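Q: Each chain is listed here by its residues.
There are 2 protein chains.
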Amino acid sequence: MIPGPGRFELPEGLVYLDGNSLGALPTGVADRLSQVVREEWGRGLIRSWNDAGWMQLVGRVAARLAPLVGVDPADLHLGDSTTVSLFKTTVAAARLRPGRRVLVLEPTTFPTDGYVTAAVAELLGLELRWCDPADPLASVDEDTALLSLTHVDFRTGALFDLPGITARAQERGALVLWDLCHSAGAVPVDLTAAGADLAVGCTYKYLNGGPGSPAWLWVAPRHQAAARQPISGWMGHATPFAMARDFEPREGVGSFASGTPPVLALSALEASLEAFDGVTVTELRERSLALTERFIELVDEHVGDAVEVVTPREQGRRGSQVSLRHPAAYGVVQALVARDVIGDFRDPDIARFGFAPLYNTLADVETAVERLVLVLEHEEHLDPAYAARNAVT
Amino acid sequence: MIPGPGRFELPEGLVYLDGNSLGALPTGVADRLSQVVREEWGRGLIRSWNDAGWMQLVGRVAARLAPLVGVDPADLHLGDSTTVSLFKTTVAAARLRPGRRVLVLEPTTFPTDGYVTAAVAELLGLELRWCDPADPLASVDEDTALLSLTHVDFRTGALFDLPGITARAQERGALVLWDLCHSAGAVPVDLTAAGADLAVGCTYKYLNGGPGSPAWLWVAPRHQAAARQPISGWMGHATPFAMARDFEPREGVGSFASGTPPVLALSALEASLEAFDGVTVTELRERSLALTERFIELVDEHVGDAVEVVTPREQGRRGSQVSLRHPAAYGVVQALVARDVIGDFRDPDIARFGFAPLYNTLADVETAVERLVLVLEHEEHLDPAYAARNAVT
Numbered sequence: 001m002i003p004g005p006g007r008f009e010l011p012e013g014l015v016y017l018d019g020n021s022l023g024a025l026p027t028g029v030a031d032r033l034s035q036v037v038r039e040e041w042g043r044g045l046i047r048s049w050n051d052a053g054w055m056q057l058v059g060r061v062a063a064r065l066a067p068l069v070g071v072d073p074a075d076l077h078l079g080d081s082t083t084v085s086l087f088k089t090t091v092a093a094a095r096l097r098p099g100r101r102v103l104v105l106e107p108t109t110f111p112t113d114g115y116v117t118a119a120v121a122e123l124l125g126l127e128l129r130w131c132d133p134a135d136p137l138a139s140v141d142e143d144t145a146l147l148s149l150t151h152v153d154f155r156t157g158a159l160f161d162l163p164g165i166t167a168r169a170q171e172r173g174a175l176v177l178w179d180l181c182h183s184a185g186a187v188p189v190d191l192t193a194a195g196a197d198l199a200v201g202c203t204y205k206y207l208n209g210g211p212g213s214p215a216w217l218w219v220a221p222r223h224q225a226a227a228r229q230p231i232s233g234w235m236g237h238a239t240p241f242a243m244a245r246d247f248e249p250r251e252g253v254g255s256f257a258s259g260t261p262p263v264l265a266l267s268a269l270e271a272s273l274e275a276f277d278g279v280t281v282t283e284l285r286e287r288s289l290a291l292t293e294r295f296i297e298l299v300d301e302h303v304g305d306a307v308e309v310v311t312p313r314e315q316g317r318r319g320s321q322v323s324l325r326h327p328a329a330y331g332v333v334q335a336l337v338a339r340d341v342i343g344d345f346r347d348p349d350i351a352r353f354g355f356a357p358l359y360n361t362l363a364d365v366e367t368a369v370e371r372l373v374l375v376l377e378h379e380e381h382l383d384p385a386y387a388a389r390n391a392v393t
Numbered sequence: 001m002i003p004g005p006g007r008f009e010l011p012e013g014l015v016y017l018d019g020n021s022l023g024a025l026p027t028g029v030a031d032r033l034s035q036v037v038r039e040e041w042g043r044g045l046i047r048s049w050n051d052a053g054w055m056q057l058v059g060r061v062a063a064r065l066a067p068l069v070g071v072d073p074a075d076l077h078l079g080d081s082t083t084v085s086l087f088k089t090t091v092a093a094a095r096l097r098p099g100r101r102v103l104v105l106e107p108t109t110f111p112t113d114g115y116v117t118a119a120v121a122e123l124l125g126l127e128l129r130w131c132d133p134a135d136p137l138a139s140v141d142e143d144t145a146l147l148s149l150t151h152v153d154f155r156t157g158a159l160f161d162l163p164g165i166t167a168r169a170q171e172r173g174a175l176v177l178w179d180l181c182h183s184a185g186a187v188p189v190d191l192t193a194a195g196a197d198l199a200v201g202c203t204y205k206y207l208n209g210g211p212g213s214p215a216w217l218w219v220a221p222r223h224q225a226a227a228r229q230p231i232s233g234w235m236g237h238a239t240p241f242a243m244a245r246d247f248e249p250r251e252g253v254g255s256f257a258s259g260t261p262p263v264l265a266l267s268a269l270e271a272s273l274e275a276f277d278g279v280t281v282t283e284l285r286e287r288s289l290a291l292t293e294r295f296i297e298l299v300d301e302h303v304g305d306a307v308e309v310v311t312p313r314e315q316g317r318r319g320s321q322v323s324l325r326h327p328a329a330y331g332v333v334q335a336l337v338a339r340d341v342i343g344d345f346r347d348p349d350i351a352r353f354g355f356a357p358l359y360n361t362l363a364d365v366e367t368a369v370e371r372l373v374l375v376l377e378h379e380e381h382l383d384p385a386y387a388a389r390n391a392v393t
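Residue numbers (full-length UniProt numbering), protein chains in the order written: chain A, 1 to 393; chain B, 1 to 393.
The set of hints was computed from the structure by calculation and includes no laboratory data.
Since we're looking at a predicted model, the values are computed, not measured.
Ideal placement from N, C-alpha and C gives every residue a C-beta, glycine not left out.
One thing to keep in mind: the hints can contain errors.
Stated by the list, open to error - Okay, the calculated bits of chain B under chain A, using three or more residues with CB under 8 Å as the criterion:
(1) 25-36
(2) 136-147
(3) 165-178
(4) 189-201
(5) 204-217
(6) 278-286
(7) 326-336
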């Protein structure tokens, strides 16, 4: 059962609809981190690698994350940024299909995914091919090593058919790398049931790991023996403490490790994931859809002539956010922030509202639309104090 | 002036000589991190990227670090693991010398440095050449793109002549990448004065950033326009919030950024570096040499026939640790830990003692040697409880 916002330290009176950018602070994280710093680091010092189980931290976090994406914890690795994780998995995927020379990419993906794929194509002498977002599979052929897709579009909230696309790309001999940054923790994903190949995700959105928390990556067990990522470090060595001159990879996904794990950040993440205790992915999806559905209904009813809902109305094609198009979207978002409703802006004309099923409520939805109505009625979005565009995350 | 151990939360009665593996906890870090979690993340939420200055965090940490390695903060980047930082700088260096096909590497370097260099050589189709540790320059010729060296040997504590080797390798047209993991914060380094090319270092040893804290990298200003690292992410883009499809690097070392900065870890590091306030690198070096010199003297005097000092006795060739060779070094280290003197073991027969000039004292040195004498006299190192070897960091 969804326990409600009591598991989070949300400021009173704030309607926070930006958990798709930075998740809220779960209760218990601050105390846990304080204990790690004061006791484990401060008093345990170097002994804590063994005594406080820092060497097992990646595995403990993986065990909490695994059910949310339908995998075995043993096949997950955590510790780098999303970008670095994408780089490692993209190189590994290309190497798993050495006879194929094309990496297929979708132009509405998050920019980093494109930059990384282009960088890997250059590094390995491969070809980059942009596909049609409406039909990515049309670009996948016998030359394709990898199709790299983001499951939920960060601008529109549209959802790709992960199992269907995976199966059809695999029929053509390609691998598929899924970016699950906007899925894990809000949209059900069963990578094992889908027979997926590789996946990557951040942990600071719906997983609430904190700003810049470490990303995760997953490699299907059947690929692990042959998969080789290029950033070999001592923590990916079969016997790190032998300090051997030549590299010999650990078995399994452990070979995707590079350096010393980020203990403070992983400890915060471990505590954060306790907010999912006793909650099933089915319950998360039900709550998420109830929230987005109600938001769309109320928007249609009250401001339907002023904004365009760009997120798919079909539930099966929707992630956990709703995006509204408005020519002064930046001003709309800023005026709402001034009224304690936090969403965010995406260039050029999108106001995004993320619905975190663990802590957002139907009351949040209603308050947000009420205040959106007021903003538009009073033309607060045209107020120069809100309408000037600048860099926000 | 060195303010002494009062700037650190050291457990009473413990002699901690492992700051070359994990630095002690500076006072103020726990409170600062608690404030970042509770206030900046918990209450500020997404607004803290601007309001709490998270976007400027890398620059603020760089400003504190820069004087310790003799560089301009604008030329430093922080955020990845040491391994990833080595990978980025090694690829960039090789690309800066496109006509040259050899990466030269020193066999006693930290294993990760070797693994990364070998991985980059494979990726770029280059040749790996192992040099003689006694004369690395003998392997540097007109085919050499890069000489990759660790400034202070992690096993022996021996120090390379950074300015001299840099100058002579550059005369042959090669670049030099320095790994300063065991230098920064204890051994003076002036990268600018040395005319160095590239450098990398961790922050969790003498810089006391906490377990697995983010690494730094430095690229000489003269190389920045042409230097290209391969892990392109949105934070390295000239205009990240334009969310452009194609990558256009930021000017300067900012192009070495990849993903979202690790805010919690960088905040801890920022607070940690306050322990260096008002301390010069010259004072750090004087204190460090006073500690290692006295340790060597006392070891020679009291247990000189039982152990071999493998660290250079010449001060100019010594880092900030002293390593002792003993056939039962593992048992020696474990028996000392049981007597509250913490050093560490390196395969196969090295007991390492790191001297952190910010918090170790001459009293620590004396106590450590007194207890080493007792351990050896009572043959505690042969006690089966201490003598069994297992994985320790």
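Q: Which numbered hints turn out to be false for this structure?
A: 2, 3, 4, 6, 7
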